[in-house]
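Protein chains: 2
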Amino acid sequence: MPSYSPPTKDMKFILESVLRVYETDIPGYKDIDSDFIAAVLNESGKLAQNVMTPLNSIGDTDGCTYENGVVRTPKGFKEAFEELKAGGWTGLDCDPDYGGQGLPIVVASAVTEIFSSANMAFSMYQGLTHGAYSAIHAHGSAEQKQKYLPKMVSCEWTGTMNLTEPHCGTDLGLMYTKATPQDNDSYDITGQKIFISAGDHDLAENIIHLVLAKIEGAPKGIKGVSLFIVPKFLVNEDGAIGQRNFVSVSKIEEKMGIHGNATCVMNYDGATGYLLGEAHKGLRAMFTMMNEARLGVGVQGYAQAEVAYQNALEYSKARLQGRDVTGVKNPSDPADPLIVHPDIRRNLMEQKSFVEGARAFTLWGANLIDRHQRLNDSDADGLVSLLTPVIKGFLTDKGFDMCIQAQQVYGGHGYIEEWGMSQFARDARIAMIYEGANGIQALDLVGRKLSQDGGKHVMGFFELIREFSSTQKGHNDTFDKQFLDPLERGSKDLKAAALYFMKNGLKNPNDALAGSYDFMHMFGHVCLGLMWARMAKASFEALDNGADDIVFYETKIATGRYYMSRQLPSTAMHLARIESGADPVMAINAASF
Amino acid sequence: MPSYSPPTKDMKFILESVLRVYETDIPGYKDIDSDFIAAVLNESGKLAQNVMTPLNSIGDTDGCTYENGVVRTPKGFKEAFEELKAGGWTGLDCDPDYGGQGLPIVVASAVTEIFSSANMAFSMYQGLTHGAYSAIHAHGSAEQKQKYLPKMVSCEWTGTMNLTEPHCGTDLGLMYTKATPQDNDSYDITGQKIFISAGDHDLAENIIHLVLAKIEGAPKGIKGVSLFIVPKFLVNEDGAIGQRNFVSVSKIEEKMGIHGNATCVMNYDGATGYLLGEAHKGLRAMFTMMNEARLGVGVQGYAQAEVAYQNALEYSKARLQGRDVTGVKNPSDPADPLIVHPDIRRNLMEQKSFVEGARAFTLWGANLIDRHQRLNDSDADGLVSLLTPVIKGFLTDKGFDMCIQAQQVYGGHGYIEEWGMSQFARDARIAMIYEGANGIQALDLVGRKLSQDGGKHVMGFFELIREFSSTQKGHNDTFDKQFLDPLERGSKDLKAAALYFMKNGLKNPNDALAGSYDFMHMFGHVCLGLMWARMAKASFEALDNGADDIVFYETKIATGRYYMSRQLPSTAMHLARIESGADPVMAINAASF
Numbered sequence: 000m001p002s003y004s005p006p007t008k009d010m011k012f013i014l015e016s017v018l019r020v021y022e023t024d025i026p027g028y029k030d031i032d033s034d035f036i037a038a039v040l041n042e043s044g045k046l047a048q049n050v051m052t053p054l055n056s057i058g059d060t061d062g063c064t065y066e067n068g069v070v071r072t073p074k075g076f077k078e079a080f081e082e083l084k085a086g087g088w089t090g091l092d093c094d095p096d097y098g099g100q101g102l103p104i105v106v107a108s109a110v111t112e113i114f115s116s117a118n119m120a121f122s123m124y125q126g127l128t129h130g131a132y133s134a135i136h137a138h139g140s141a142e143q144k145q146k147y148l149p150k151m152v153s154c155e156w157t158g159t160m161n162l163t164e165p166h167c168g169t170d171l172g173l174m175y176t177k178a179t180p181q182d183n184d185s186y187d188i189t190g191q192k193i194f195i196s197a198g199d200h201d202l203a204e205n206i207i208h209l210v211l212a213k214i215e216g217a218p219k220g221i222k223g224v225s226l227f228i229v230p231k232f233l234v235n236e237d238g239a240i241g242q243r244n245f246v247s248v249s250k251i252e253e254k255m256g257i258h259g260n261a262t263c264v265m266n267y268d269g270a271t272g273y274l275l276g277e278a279h280k281g282l283r284a285m286f287t288m289m290n291e292a293r294l295g296v297g298v299q300g301y302a303q304a305e306v307a308y309q310n311a312l313e314y315s316k317a318r319l320q321g322r323d324v325t326g327v328k329n330p331s332d333p334a335d336p337l338i339v340h341p342d343i344r345r346n347l348m349e350q351k352s353f354v355e356g357a358r359a360f361t362l363w364g365a366n367l368i369d370r371h372q373r374l375n376d377s378d379a380d381g382l383v384s385l386l387t388p389v390i391k392g393f394l395t396d397k398g399f400d401m402c403i404q405a406q407q408v409y410g411g412h413g414y415i416e417e418w419g420m421s422q423f424a425r426d427a428r429i430a431m432i433y434e435g436a437n438g439i440q441a442l443d444l445v446g447r448k449l450s451q452d453g454g455k456h457v458m459g460f461f462e463l464i465r466e467f468s469s470t471q472k473g474h475n476d477t478f479d480k481q482f483l484d485p486l487e488r489g490s491k492d493l494k495a496a497a498l499y500f501m502k503n504g505l506k507n508p509n510d511a512l513a514g515s516y517d518f519m520h521m522f523g524h525v526c527l528g529l530m531w532a533r534m535a536k537a538s539f540e541a542l543d544n545g546a547d548d549i550v551f552y553e554t555k556i557a558t559g560r561y562y563m564s565r566q567l568p569s570t571a572m573h574l575a576r577i578e579s580g581a582d583p584v585m586a587i588n589a590a591s592f
Numbered sequence: 000m001p002s003y004s005p006p007t008k009d010m011k012f013i014l015e016s017v018l019r020v021y022e023t024d025i026p027g028y029k030d031i032d033s034d035f036i037a038a039v040l041n042e043s044g045k046l047a048q049n050v051m052t053p054l055n056s057i058g059d060t061d062g063c064t065y066e067n068g069v070v071r072t073p074k075g076f077k078e079a080f081e082e083l084k085a086g087g088w089t090g091l092d093c094d095p096d097y098g099g100q101g102l103p104i105v106v107a108s109a110v111t112e113i114f115s116s117a118n119m120a121f122s123m124y125q126g127l128t129h130g131a132y133s134a135i136h137a138h139g140s141a142e143q144k145q146k147y148l149p150k151m152v153s154c155e156w157t158g159t160m161n162l163t164e165p166h167c168g169t170d171l172g173l174m175y176t177k178a179t180p181q182d183n184d185s186y187d188i189t190g191q192k193i194f195i196s197a198g199d200h201d202l203a204e205n206i207i208h209l210v211l212a213k214i215e216g217a218p219k220g221i222k223g224v225s226l227f228i229v230p231k232f233l234v235n236e237d238g239a240i241g242q243r244n245f246v247s248v249s250k251i252e253e254k255m256g257i258h259g260n261a262t263c264v265m266n267y268d269g270a271t272g273y274l275l276g277e278a279h280k281g282l283r284a285m286f287t288m289m290n291e292a293r294l295g296v297g298v299q300g301y302a303q304a305e306v307a308y309q310n311a312l313e314y315s316k317a318r319l320q321g322r323d324v325t326g327v328k329n330p331s332d333p334a335d336p337l338i339v340h341p342d343i344r345r346n347l348m349e350q351k352s353f354v355e356g357a358r359a360f361t362l363w364g365a366n367l368i369d370r371h372q373r374l375n376d377s378d379a380d381g382l383v384s385l386l387t388p389v390i391k392g393f394l395t396d397k398g399f400d401m402c403i404q405a406q407q408v409y410g411g412h413g414y415i416e417e418w419g420m421s422q423f424a425r426d427a428r429i430a431m432i433y434e435g436a437n438g439i440q441a442l443d444l445v446g447r448k449l450s451q452d453g454g455k456h457v458m459g460f461f462e463l464i465r466e467f468s469s470t471q472k473g474h475n476d477t478f479d480k481q482f483l484d485p486l487e488r489g490s491k492d493l494k495a496a497a498l499y500f501m502k503n504g505l506k507n508p509n510d511a512l513a514g515s516y517d518f519m520h521m522f523g524h525v526c527l528g529l530m531w532a533r534m535a536k537a538s539f540e541a542l543d544n545g546a547d548d549i550v551f552y553e554t555k556i557a558t559g560r561y562y563m564s565r566q567l568p569s570t571a572m573h574l575a576r577i578e579s580g581a582d583p584v585m586a587i588n589a590a591s592f
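Top line first, the protein sequences correspond to chains A and B. Residues 0 to 592, numbered by numbering that gives the first Met the number 0, are exactly what the first sequence covers, in order. Residues 0 to 592, numbered by numbering that gives the first Met the number 0, are exactly what the second sequence covers, in order.
There is no bait here: all hints are sound.
The list treats identical chains as one, so a pair stands whether inside a single copy or across any two.
Mimicking EDC-like on lysine to aspartate or glutamate, the simulated pairs with C-alpha atoms at most 20 Å apart in a straight line are:
no.	residue 1	residue 2
1	K316	D170
2	K506	E578
3	K480	E578
4	K506	D323
5	K316	D332
6	K250	D201
7	K222	E164
The set of hints was computed from the structure by calculation and includes no laboratory data.
Put together the whole structure using the sequences plus the hints.
The following block contains the structure:
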């Protein structure tokens, strides 16, 4: 049975020494001092470790059940959900006007990682509710907010997002689900939605479905799509639960992982729905919460890698197999632990350097969202919009890869379910797909975000690296050589790729699109390179200032050095692939494949 | 439900136009003319398509069952196994003296791919029997061969390999299983073995276990390990099935995939065993069949990628989503097929160029094994020994990655089990682990094979590329530029890495070992680059000679061009990683992780 221990020390390091949250001018940040952060992380960590982790494998093995139209969650989930609610963990960064705690997203995001590492399927019930909360908060009428939000903040009611239909996922303009206006300002919603996570369950007394549908007579395609609130049970004027709505679950899916979260086929048969935001602008309403939602999925990607890494590391220290070629390390036993072997070490360093870099990257992203939301900083918004597809796409791709590598450390024991390593990989796999498959993230990055506001944000990103480099250079040779130089090389490659797109993409958009996936990955590497440079800088400073925990900072620097020397140089490969253009990709006729 | 169609045309192209099997001097190759190859591939293809493919998902869903010590295979497996036997498919490359058909391994290997693509778990029953057959064939006494081989060739009896114990997998010197000599030339075998594929089932009347154990008083460690034949039922003098041996199954494992093949915990409680080969030389006996067995696992890796690719390709043509940015391709429908999108195309080309390259590489490896076995060619043996860890390690890593990419084409539909894409990935995952985890393959490559016979074989490999390049250059500019130039660059990178190991590995073995995994991958890329150059050359020739099937050859060249321009350049990245040395990998103290 795998174990999990919340990486609170690393989170505190990032928040306090790298992002320096107390020093920023963001309203609300000053309140989150070191003790407060410690309390939040430690308490959420206890809940994760003691309540959620033990249910992770049960959720996988037992899964959700569907019988006579009713979905039941695995044994223990209900009690754990009550604990989650009782602790006030469901509304950390929600609006205090509706019962939330109003904490910055940068703190909530760390807690999301902890819960997601402990039990991804379980934490999704809350995560999806938060997504629906955000949409209603941003676009709902005063009445709608008052009616739904307090119960959703407390997770007495949970939420879902209904986008996909059997014949359309990415291309939502094709959807069939219809909304017909009724006399009383409501709509009759009819259609089928699939892949609805947490679409039904026994954890809450009501479920607030947000459903995309087309109002009769709406413009064709994506511009005719509206968003509706469709509660499982209608809510009376007084806020009490009313009659059952005409929404039902016809099936739950058998899937590769996240068995503890029911993926439902939802049927809306003349269900009562209420327009959320403006008619025909449903997709825009969805997009306003996209950055946050996609950041959350990026967190899931590296959160699974974190817990998989923790277990692989333990196993590599405990399992005795073979001898260190440079000399016996463990003479009292017949073999040395796996961790002495360089290729096991390479594997572990790959995981460690990714996860810690990913954590810093994501918390930086959350920090930017806070800056936008709390200071109305449009540059921060532009930058995080640019980085969002990278956070989602790169971190989930790599997060999955790292779960596979962690599984590999176990040899045959990694393949059998008993040790739990297979579940981490199977659960992590979905994060590459949902909330916009990673190919769509790459398209969003190259097709939209690069050129947004005249390319201002990507130029801002390069400027940020240049400025960091120029201000930090010349104080510490080791730092310059091991961190700044590789960062500059990586950044140069990324710039060359962006330039290639600009030069060729106008003539032939395929020249840009054929390189989009590689661009997303090289962008991810450069971002992690930047985060590692920042973390290394903070660590060198701490050492210079005589910090107590020398081992922590030295290990941090060594981990960063691994990333800079063995991961970041892959930007050159991605650039070579991009510069080969669309021709090798598109040469074959579809019929000739 | 996924479909499968045997890639016989591509196999024939490789055998006939690239390896030119009829023209070689290998005994037996002249008999396998074009019609014969077509017959073998078509007939095995029918069996695969009609009988094995439909059972693949059933095997995954139902799995094997264990009740009261008895293991049962999924519904339909028994009937399918009877068809396999009746068709004579179990002894294709086995010795005619024992009922085999004596065909070259190069042909059998193509059939292995077909069966493995159709149903990996099912085909393992035969595959493991073949492994045990080979060991007995190479090391058994005349009596042992007569007693066991005919029944194993026909798969009336199946076979297993018993190496792993709970506390030792790679480091077999640690094993506990004991062999105590008895009066009658037999041994009493006592111990527990785990992860025994096909350890028990209902497909055959007897199972011949090959078991590694230590004879009492044997030297310590790996040099004290012997190999034993331990039949499930003892075999009487007259060849009839005798009494039940003291071997039992105490459990079958729940695992990530290959559910149709039981992975057993085997208990030997004073079971009767017979020494196979010499005492204390059990591991050497296992090694003699290693090249073949590891080649077989390499086949599994790309065979799963092949079938996953076929389905992803079909899906990408059928699923309508979004519009081609360069202009609508499918005006009669509301959207274009996925395959118009450059990033989907990139994904498909990645798969296609890998699978076809991997097939050529493996068949070349099989060709070398034939050359060694049939001509006693020690250079061929040395070369294939060098290539074997690359075939096993690189092709299973990449094969799994390609299954993940194929799954990605399906979006959410790839994650639910209904479409079968998850199974391909889950099944393929084991190939990276068993028959020596891929880290061990990398160690074997760098630690043993590179320096074998004074480095003769790796130098032979480089010479082979140099000779190919120099003889082919100057006839066709396109070919030179698109194929030979990248091949030379890749080969140069690989040489530089080998040189780095030679220069640094003696001083610090970790400098070589920390780069071993990257070396295995860059070696794989260079091998596939070589195969693509050879395939392109054959295709250009066919076109020059006025071949009918222009589209086939042009597509082949375009696919190769993709590999050369978008895959092979990754050798530079691997080289950079290798040349960063052991320091970044080993810098952190085990306790400080």
